[in-house]
Amino acid sequence: MTKQINKNSGFLLQGAILAAAAVIAKIIGAAYKIPLTNILGDEGMGFYGYAFEVYAIALILSSFSLPLAVSKLVSARVAKKEYKNAMAIFKGSILFAIGVGLLAALVVFFGADFFADKVMASAPSAYALRVLAPGLFIVAVMGVVRGYFQGLGSMIPTAISQVIEQIVNAIVSILGASYLLKVGAEAAKSKNSPLLEPAYGAAGGTLGAVAGAFVSLLFVLFVLYAYKGVMKRQLKRDHGTSVESYGNIYKVLLFTIAPVIISTSVYNINQILDQVMFSKIMAAQGHAVKDYMALLGIYTGKYNTLINVPLAMASALGVSAIPSLAGAIAVGDRKQIYGKIHHSIRFTMLIAIPSFVGFLMLSSPLMNLLYGDQRKTPAAMLSLGSITVVLYCLSTVQNSILQGLDKMTVPIRNALISLGIHLVSVFVMLVMLKWNIYSIVVGNIVFSLCMCILNAHSIQTAVGYHQEVKRTFLLPTMAAFLMGVVSYLVFKLFDVLIGGRVFPILFALVAAVGVYAVALILIGGLTEEELYAMPKGDMLVKIFRKLHLMKG
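Sequential numbering from 1 applies to the sequence shown in the working numbering.
Incorrect hints may have been included.
Claimed, not checked - The calculated lysine to any residue pairs, modelled on SDA-like cross-linking and capped at a C-alpha distance of 25 Å, are:
#1 K280 to S265
#2 K407 to G153
#3 K232 to L253
#4 K290 to A187
#5 K335 to F473
#6 K189 to A288
#7 K376 to V490
#8 K118 to A284
#9 K251 to E82
#10 K280 to L195
#11 K407 to L254
#12 K290 to I272
#13 K542 to A511
#14 K492 to S383
#15 K376 to A288
#16 K376 to V496
#17 K182 to S193
As the list claims (entries may be wrong) - Each pair of labels, with its calculated beta carbon distance range:
#18 L506 to N248: 53 to 59 Å
#19 L103 to A185: 31 to 37 Å
#20 V502 to I171: 19 to 25 Å
Hints were generated in silico from the structure; no laboratory data involved. Yeah, the Cβ is synthetic: ideal placement off N, Cα and C, and Gly gets one too.
Starting from the given sequences, assemble the full structure and let the hints guide the process.
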């Protein structure tokens with residue numbers, strides 16, 4: 001067991017670095033959404049959310065899959081010491097990104113009115129969509145550079161650039177929203193169109209995404225320049241005579257990208273379909289635009305923001321798993337393949353399960369702490385949808401595993417089946433049960449549960465692998481529910497003793513972290529060898545030994 005963990009420790013360390021950076025980036029994203037939501041209001045956040053949904057689809061279709069594809073192709077060649085071909089992949093991908101990114105940016109910029117009005121039924125979102133358009137070109141080029149470093153086995157450039165991107169994003173978004181909201185207020189008065197104020201504010205809020213991506217691109221280009229000496233030495237060590245042509249590279253790139261684009265599009269298009277279906281049905285049922293846009297603002301600006309924080313960790317571990325699995329497949333190491341699948345899923349669950357329990361038990365105080373929102377609807381949405389943290393984290397990593405195993409079309413099939421079941425369930429809940437916004441929340445549970453079941457079966461069929469249950473799911477769940485009970489009691493205690501919006505929940509969160517870690521170790525859910533595979537693992541082992549939780 002120890003030997004197998006050591007073989008995977010490098011992959012886990014890189015994955016943990018990227019996961020930590022992704023979670024930090026998401027925390028920054030969640031943090032700046034608090035003042036942004038207060039500035040824009042639920043209505044403005046509705047326009048903001050609509051614009052980002054269209055932008056997200058355009059990003060997926062143009063460049064979202066580029067880091068994954070480049071990392072997978074580069075890793076497979078580096079594993080065989082084909083550094084010249086790895087460099088050819090990088091150069092060809094850069095040219096591809098420039099062309100596709102520029103085309104996508106132009107289409108979204110000039111088609112903003114059509115997408116906002118005809119597709120999303122939210123015409124004022126066009127202002128924000130035009131602001132976002134240049135980001136499509138920037139992200140495409142940046143994605144190739146990030147993917148190249150990931151293929152070389154280093155997640156650090158991607159990790160640091162993600163944090164930089166979010167810091168710039170946060171600052172510029174808040175400043176942009178504040179300024180353009182004032183401009184929008186004047187425009188609303190002069191044109192007698194009240195919706196212009198939140199629409200302009202939403203456009204200002206999207207400025208940060210473009211500015212953050214641009215600064216992040218500059219950073220990864222600087223790292224690439226600093227790395228040129230290493231690249232030259234690698235190329236000199238490669239004595240191979242044949243170098244892949246750009247024609248072949250583009251063919252392989254497209255065959256790698258296309259299935260990822262389709263599966264990821266299906267994964268994300270359900271959000272757009274949900275919102276379009278929700279708007280149309282709520283309008284048909286006689287609800288005012290302002291009312292259902294406010295509900296969507298809560299869903300996109302508050303619920304989704306919190307749910308996406310732990311999901312970032314799963315995405316990061318998936319990103320690190322793909323090139324690692326591709327390298328293992330290239331050299332035919334089945335034990336490594338099993339080990340990487342096992343640890344990807346297991347370490348994802350170690351974070352996802354307590355996150356789910358935390359949202360379930362502390363939804364109301366979390367909403368109050370972050371947004372000053374004491375209404376029942378936001379807290380109920382978070383409690384109800386908390387299980388999707390586990391389901392989406394698991395299905396996201398499973399998708400990456402299947403892609404790393406070269407089963408590129410399997411996630412597409414699974415996603416399409418899940419999407420069909422999801423849409424039927426959302427329609428029934430909206431029309432027949434009249435659950436309004438809760439229909440979308442429950443629909444996400446249905447979608448992600450279907451994906452987990454289908455993906456697990458597909459992985460088992462592909463390589464004969466079946467994830468063990470006790471240490472991956474049962475023990476973390478036991479520790480997490482003990483954590484949930486203790487943290488809830490701590491919150492109630494300090495709420496009575498000192499009250500207030502901040503300190504009771506902060507004490508509860510501190511207690512949650514401590515109780516979960518101790519409980520997990522005491523019941524055998526986390527071993528010393530696994531701790532060593534984590535960043536700062538040696539320090540964690542020393543701490544637990546001093547606390548007599550581990551033998552010295």
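Going down the list of hints, with the structure as the test:
no.: 1; hint: K280 to S265; in the structure: 22 Å, holds
no.: 2; hint: K407 to G153; in the structure: 22 Å, holds
no.: 3; hint: K232 to L253; in the structure: 24 Å, holds
no.: 4; hint: K290 to A187; in the structure: 19 Å, holds
no.: 5; hint: K335 to F473; in the structure: 22 Å, holds
no.: 6; hint: K189 to A288; in the structure: 22 Å, holds
no.: 7; hint: K376 to V490; in the structure: 21 Å, holds
no.: 8; hint: K118 to A284; in the structure: 17 Å, holds
no.: 9; hint: K251 to E82; in the structure: 18 Å, holds
no.: 10; hint: K280 to L195; in the structure: 19 Å, holds
no.: 11; hint: K407 to L254; in the structure: 15 Å, holds
no.: 12; hint: K290 to I272; in the structure: 19 Å, holds
no.: 13; hint: K542 to A511; in the structure: 20 Å, holds
no.: 14; hint: K492 to S383; in the structure: 17 Å, holds
no.: 15; hint: K376 to A288; in the structure: 20 Å, holds
no.: 16; hint: K376 to V496; in the structure: 20 Å, holds
no.: 17; hint: K182 to S193; in the structure: 14 Å, holds
no.: 18; hint: L506 to N248: 53 to 59 Å; in the structure: 56 Å, holds
no.: 19; hint: L103 to A185: 31 to 37 Å; in the structure: 36 Å, holds
no.: 20; hint: V502 to I171: 19 to 25 Å; in the structure: 23 Å, holds
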